[in-house]
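Letter by letter, the chains look like this.
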Amino acid sequence: GENVEQHPSTLSVQEGDSAVIKCTYSDSASNYFPWYKQELGKRPQLIIDIRSNVGEKKDQRIAVTLNKTAKHFSLHITETQPEDSAVYFCAASRGYSTLTFGKGTMLLVSP
Amino acid sequence: DTGVSQDPRHKITKRGQNVTFRCDPISEHNRLYWYRQTLGQGPEFLTYFQNEAQLEKSRLLSDRFSAERPKGSFSTLEIQRTEQGDSAMYLCASSLTVSVVNTEAFFGQGTRLTVV
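The listed protein sequences correspond, in order, to chains U and C.
The opening residue of the first sequence carries number 1 in my numbering; numbering runs sequentially from there.
The opening residue of the second sequence carries number 1 in my numbering; numbering runs sequentially from there.
Just so you know, these hints were derived from the structure itself, not from any lab.
Note that the coordinates shown come from a computational prediction; the quantities given were computed from them, not determined experimentally.
Be aware that a few hints might be false.
Derived coverage of chain C by chain U (criterion: at least 3 residues anywhere in the stretch with Cβ under 8 angstroms from a Cβ of chain U; other residues may be distant) [stated by the list, open to error]:
#1 37–44
#2 79–91
Below, simulated DSS-like cross-link-like pairs (lysine-lysine); rule was C-alpha separation at most 27 angstroms, straight line [claimed, not checked]:
#3 U:K22 with U:K71
#4 U:K58 with U:K22
#5 U:K68 with U:K58
#6 U:K103 with U:K71
#7 C:K71 with C:K14
#8 C:K71 with C:K57
#9 U:K103 with C:K57
#10 U:K42 with C:K11
#11 U:K103 with U:K42
#12 U:K71 with C:K57
#13 U:K103 with U:K57
#14 C:K14 with U:K71
#15 C:K71 with C:K11
#16 C:K14 with U:K42
#17 U:K22 with U:K42
#18 U:K103 with U:K22
#19 U:K103 with C:K71
#20 U:K103 with U:K58
Ideal Cβ positions, reconstructed from N, Cα and C, are used throughout, including at glycine.
Model the full assembly from the supplied sequences, consistent with the hints where possible.
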């Protein structure tokens, strides 16, 4: 089955800095890669996703890049704000199968 | 609230007791998933339904766990003879999946189970 590795497990940045979280996946047939944000005590919520026919996708301060050859994808957050502090999860799936999640990255943005 | 709802939000039970959780998905969504999340980990897949059919079960889902989705609407997850290792957050998610394309899965707030 699919295996998703996520790094780093914790990331501390100053407000205004950029943050990058990286994930690798094992199943070369995976074609859907969402990123979820989970604030303390709240439900995971989708912030951005990318499909395998696209190399990069951007939504305001958030971008995701995908390298199918190397089987890794990354989340980039620019101009970080304290409200970006949360746990971020990457995930992968193929076709319409279920999502396999990484273990998460706790992002701390200091004012 | 038109999102995914789960009930109860918290459940404390004694070891050996049975517990049942309920999930109400977004009404037009055909897929419903159950995940388990422990502290410091990502959600781990347990099982999912396409309409009323249970299509896949994880190896994590021992024979003490059973899930149903009668009539393809709400779903229940039952854990029999609970063990302390069952303590976790149980998350439900739903999505509208058409053909072979995955779409956004919307999560509920979860049910936090504590087995004492």
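Right, here's what the structure says about each hint:
no. : hint              : in the structure
1   : 37–44             : holds (count 5)
2   : 79–91             : violated (count 1)
3   : U:K22 with U:K71  : holds (11 angstroms)
4   : U:K58 with U:K22  : holds (16 angstroms)
5   : U:K68 with U:K58  : holds (18 angstroms)
6   : U:K103 with U:K71 : holds (17 angstroms)
7   : C:K71 with C:K14  : violated (31 angstroms)
8   : C:K71 with C:K57  : holds (19 angstroms)
9   : U:K103 with C:K57 : holds (20 angstroms)
10  : U:K42 with C:K11  : holds (17 angstroms)
11  : U:K103 with U:K42 : holds (17 angstroms)
12  : U:K71 with C:K57  : holds (26 angstroms)
13  : U:K103 with U:K57 : holds (23 angstroms)
14  : C:K14 with U:K71  : violated (44 angstroms)
15  : C:K71 with C:K11  : holds (26 angstroms)
16  : C:K14 with U:K42  : holds (26 angstroms)
17  : U:K22 with U:K42  : holds (23 angstroms)
18  : U:K103 with U:K22 : holds (12 angstroms)
19  : U:K103 with C:K71 : violated (34 angstroms)
20  : U:K103 with U:K58 : holds (23 angstroms)
Violated hints, listed in ascending order, are 2, 7, 14, 19; each of the other numbered hints is respected by the structure.
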